Amino acid sequence: MDPKPMTTKERLAIPRQAMPAQDPKERIHNFREVNLGYTPELAQQEAMRCIQCKDPVCIKGCPVNIKIDRFIKLVAEGNFLGAAKKIKEDNVLPAICGRVCPQEDQCEKVCVLTKKYTPVAIGNLERFVADYEREQGKIELPDVKPASGKKVAVIGSGPAGLSCANDLARLGHSVTVFEALHELGGVLMYGIPEFRLPKDIVKTEIEGMKKLGVKFVTNTVVGRSVTIDELMGEEHFDAIFIGVGAGLPWFMGIPGENLLGVYSANEFLTRVNLMKAYDFPRSDTPVFDCRGKNVAVFGGGNTAMDAVRTAKRLGAEHAYIVYRRSEAEMPARAEEIHNAKEEGIEFLLLMNPVEFTGNEEQWLTGVKCIRMELGEPDESGRRKPVPVKGSEFLLPVDMAVISIGNGSNPLIRQTTPDIEVSKRDTIVVDINTMATSKEAVYAGGDIVTGGATVILAMGAGRTAARAIHEKLTGTAPNFNEW
Amino acid sequence: MYNIVSAIFLAENIKKIEIKAPRIAKKRKAGQFVMIRVSENGERIPLTIADSDPEKGTVTIIVQGMGKSTIELNGKEAGETIHDIVGPLGTPSHIEKFGTAVSIGGGVGTAIAYPTAVALKKAGNYVITINGARTKDLVILENEMKAVSDEAYITTDDGSYGFHGFVTQKLQELIDSGRTIDYVLAIGPIPMMRAVAEVTRPYGIPTVVSLNPVMVDGTGMCGGCRVTVENEIRFACVDGPEFDAHKVDFKNLSDRNRMYLGEERQSSETASHKCRIGHQQ
Ligand SMILES: Cc1cc2nc3c(=O)[nH]c(=O)nc-3n(C[C@H](O)[C@H](O)[C@H](O)COP(=O)(O)OP(=O)(O)OC[C@H]3O[C@@H](n4cnc5c(N)ncnc54)[C@H](O)[C@@H]3O)c2cc1C
Ligand SMILES: Cc1cc2nc3c(=O)[nH]c(=O)nc-3n(C[C@H](O)[C@H](O)[C@H](O)COP(=O)(O)OP(=O)(O)OC[C@H]3O[C@@H](n4cnc5c(N)ncnc54)[C@H](O)[C@@H]3O)c2cc1C
Ligand code: SF4
Ligand code: SF4
Ligand code: FES
Numbered sequence: 001m002d003p004k005p006m007t008t009k010e011r012l013a014i015p016r017q018a019m020p021a022q023d024p025k026e027r028i029h030n031f032r033e034v035n036l037g038y039t040p041e042l043a044q045q046e047a048m049r050c051i052q053c054k055d056p057v058c059i060k061g062c063p064v065n066i067k068i069d070r071f072i073k074l075v076a077e078g079n080f081l082g083a084a085k086k087i088k089e090d091n092v093l094p095a096i097c098g099r100v101c102p103q104e105d106q107c108e109k110v111c112v113l114t115k116k117y118t119p120v121a122i123g124n125l126e127r128f129v130a131d132y133e134r135e136q137g138k139i140e141l142p143d144v145k146p147a148s149g150k151k152v153a154v155i156g157s158g159p160a161g162l163s164c165a166n167d168l169a170r171l172g173h174s175v176t177v178f179e180a181l182h183e184l185g186g187v188l189m190y191g192i193p194e195f196r197l198p199k200d201i202v203k204t205e206i207e208g209m210k211k212l213g214v215k216f217v218t219n220t221v222v223g224r225s226v227t228i229d230e231l232m233g234e235e236h237f238d239a240i241f242i243g244v245g246a247g248l249p250w251f252m253g254i255p256g257e258n259l260l261g262v263y264s265a266n267e268f269l270t271r272v273n274l275m276k277a278y279d280f281p282r283s284d285t286p287v288f289d290c291r292g293k294n295v296a297v298f299g300g301g302n303t304a305m306d307a308v309r310t311a312k313r314l315g316a317e318h319a320y321i322v323y324r325r326s327e328a329e330m331p332a333r334a335e336e337i338h339n340a341k342e343e344g345i346e347f348l349l350l351m352n353p354v355e356f357t358g359n360e361e362q363w364l365t366g367v368k369c370i371r372m373e374l375g376e377p378d379e380s381g382r383r384k385p386v387p388v389k390g391s392e393f394l395l396p397v398d399m400a401v402i403s404i405g406n407g408s409n410p411l412i413r414q415t416t417p418d419i420e421v422s423k424r425d426t427i428v429v430d431i432n433t434m435a436t437s438k439e440a441v442y443a444g445g446d447i448v449t450g451g452a453t454v455i456l457a458m459g460a461g462r463t464a465a466r467a468i469h470e471k472l473t474g475t476a477p478n479f480n481e482w
Numbered sequence: 483m484y485n486i487v488s489a490i491f492l493a494e495n496i497k498k499i500e501i502k503a504p505r506i507a508k509k510r511k512a513g514q515f516v517m518i519r520v521s522e523n524g525e526r527i528p529l530t531i532a533d534s535d536p537e538k539g540t541v542t543i544i545v546q547g548m549g550k551s552t553i554e555l556n557g558k559e560a561g562e563t564i565h566d567i568v569g570p571l572g573t574p575s576h577i578e579k580f581g582t583a584v585s586i587g588g589g590v591g592t593a594i595a596y597p598t599a600v601a602l603k604k605a606g607n608y609v610i611t612i613n614g615a616r617t618k619d620l621v622i623l624e625n626e627m628k629a630v631s632d633e634a635y636i637t638t639d640d641g642s643y644g645f646h647g648f649v650t651q652k653l654q655e656l657i658d659s660g661r662t663i664d665y666v667l668a669i670g671p672i673p674m675m676r677a678v679a680e681v682t683r684p685y686g687i688p689t690v691v692s693l694n695p696v697m698v699d700g701t702g703m704c705g706g707c708r709v710t711v712e713n714e715i716r717f718a719c720v721d722g723p724e725f726d727a728h729k730v731d732f733k734n735l736s737d738r739n740r741m742y743l744g745e746e747r748q749s750s751e752t753a754s755h756k757c758r759i760g761h762q763q
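Protein chains in written order, with our numbering: chain H, 1 to 482; chain W, 483 to 763.
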């Protein structure tokens, strides 16, 4: 089908196509995905809005430089499978990135339409194309280069590890992924909830990689079950990629943090997502019974939004976000903030907890907060919140979730002291190759950047795969041939 | 899936289970544990590695049936499988030649103390073991403990076997007899560990306890296992499970372990209800 010849003016006249979604009143009672996805018609209509810039600046906004203009052109032409192929030249997990990328800060931010109109819905289109390919059962196994005879170990099965493993397998190397948990996927499985990223999508992607020949070994904590030196020595791996994420929850260090009912976001989300506590007692792992209770989540990132919306779905009467800055500074995706509001999440902004209070049995009963106002900008350029004297008040809550970020897990660093780490305990790498200070050991994702994004982790995995391939074979891979 | 090589009851409700897990068998050190998921929808529960055989590639755990997961595990026989096992987790026991070392185990805590007692003996210590149980039938690992001890004592709360009284009374007796004790390891129910800490505190005897907070991942990712040691938050699964007994906030630990009491009861009830339905069919 040829696209209708359209003038730029006509294209600009098409409004941005909204993503159909579950009704908020309904969705707060289930864990099914909120967004329902474009229909082919909606997708084509939206793709028509792209004016096919001569200099497609959107590409520079994407950390992995997806050829956005070209895949969107294919969508407009109705060639959805061709579009999927085009995206996959640069991004192995489009169904996931289309859903979770902070597009408003990346590709869509720089789209030329953004200034005067609304940007092309690049994320929605990416998601549509990937879903279409999967739902048609048309995911083609990519070509795999002849076996190189080299063995690479990938540590951690989050987006960084998965993308690195995928590229290396396609380049003909024998790849084994070691994962600490019993389930593969990292934060995609245990952190981001089903209502935002259906787990079947992650599983399908991983099944595809198995077909490519990637071996997955779960229940193996590198640093405890086996060390990096042992993998390189006794187990004869030629190179290692470390993608272990940032998984050490920070607490606030305020009184009462150990009361019953106070969780880290990691624990709360892991119990619900990975251990299926929403299905208790059919699954064995319990979680705080939120029904009819008041829940406060501290933080303003994606994790905080996920936690508070999870609490709402578990039946919380009041579910609050308590954030010490204003909405403009919230690092969460704009769409999730919007969705949270639709779902009745109450935002308590410019507010900081100072103390948790409990009853005699040590159950949480409330949190004492202080109001904040924005002062001078800090190092991050965001205006620094300062407490307003005498403005303390008590917010009655039964459960609290602390979601103020993660540090890095000490296991690898303790058992491999020759890998250089920064003051913040992140692994130091050469950003062009992701090589660490240790020979033949590479790292990428949150363990290098601190908590960041799925797409950055995937990009790092690919950069490392490229460098590892070069190191093992002496030649640079050409991903554009894929 | 991991194969169960052998499974035998040591006492009522306490089972010794040997599981094929070669990587863990090769690596584990005294004081470390595994996380086990018995079945598909199972919880991840922590269990100490009591023993291992690197040649056979097996690890041994000793499990007391407490609730849903442990009772389900104790129902397993040789030839059956468990869904997941991961380890060895936790920081190994700090072992050196202290001189005279007393290892105290209460109930199933004896199983947890056993591997460390073996290591203490190997390091050249004079090892005294005190194993407490409520009653004679619940005494476990008596012969194993004797074999690694220079002196072995058994105490029962009801006096049905060995010394009549608590492990702390026996410990106090040893201290009062004027012997030098250089190191104490105590593992068992929280009240017992707390009592041992109070016995040794006035004498400044270095005392270590192995804490048993509720865990989820066991890798330092969730913070659910946090304990308060010297007013600081520590994660028992990576920083522990062994800590200086004189610095542990036992009250906070026992409070936090009550968190899922209601749910644990519900889970066990659902499980036993299912069993009953099964019997009727
Ligand atoms: C709740 C939540 C919501 C988020 N929402 C978004 C979003 O909407 N958009 C977005 O772009 N980003 C989001 N993020 C951030 C994003 O998920 C991360 O930046 C990304 O997952 C990092 O990928 P990674 O591969 O570096 O690590 P991870 O995804 O953390 O994966 C690391 C894996 O390594 C394993 N591992 C750790 N230690 C070891 C070891 N010693 N041995 C073996 N395996 C080990 C872990 O179990 C884990 O599976 C969110 C994060 C969270 C927690
Ligand atoms: C480091 C460590 C080593 C341990 N070693 C042994 C051992 O060698 N043998 C043994 O019999 N027991 C051991 N335990 C205790 C064992 O993990 C619990 O008895 C078990 O988790 C109970 O699960 P359940 O479903 O059978 O009982 P439940 O009815 O769920 O709980 C019974 C008790 O176990 C505690 N508990 C429940 N879930 C967990 C969990 N996920 N993590 C920790 N505690 C929990 C509860 O606080 C409660 O007091 C150890 C615990 C820790 C932390
Ligand atoms: S991967 Fe993310 S940033 Fe790149 S085009 Fe897709 S949605 Fe935009
Ligand atoms: S910048 Fe916007 S309009 Fe231009 S090619 Fe990219 S998506 Fe299309
Ligand atoms: S069990 Fe999760 S951090 Fe220790």
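Be aware that a few hints might be false.
Said to hold, decoys possible - Label-pair distances were calculated between CB atoms; the ranges are:
no.	chain 1	residue 1	chain 2	residue 2	range
1	W	I490	H	E439	28 to 38 Å
2	H	K341	W	G686	33 to 43 Å
3	H	L348	W	K579	52 to 62 Å
4	W	H576	H	K341	46 to 56 Å
5	H	E230	W	M483	23 to 33 Å
6	H	E360	W	R616	52 to 62 Å
7	H	N478	W	E578	25 to 35 Å
8	H	E230	W	S488	21 to 31 Å
9	W	N625	H	E317	31 to 41 Å
10	W	G539	H	I431	54 to 64 Å
11	W	N523	H	D378	37 to 47 Å
12	H	L348	W	E578	25 to 35 Å
FYI, nobody ran anything at the bench for these hints, they're computed from the structure. These numbers come from a predicted model, not from an experiment. Every residue, glycine too, gets a C-beta built ideally from N, C-alpha and C.
Please name the hints from earlier in the document that this structure breaks, with their numbers sorted from lowest to highest. Those not satisfied are hints 1, 2, 6, 7, 9, 10, 12.
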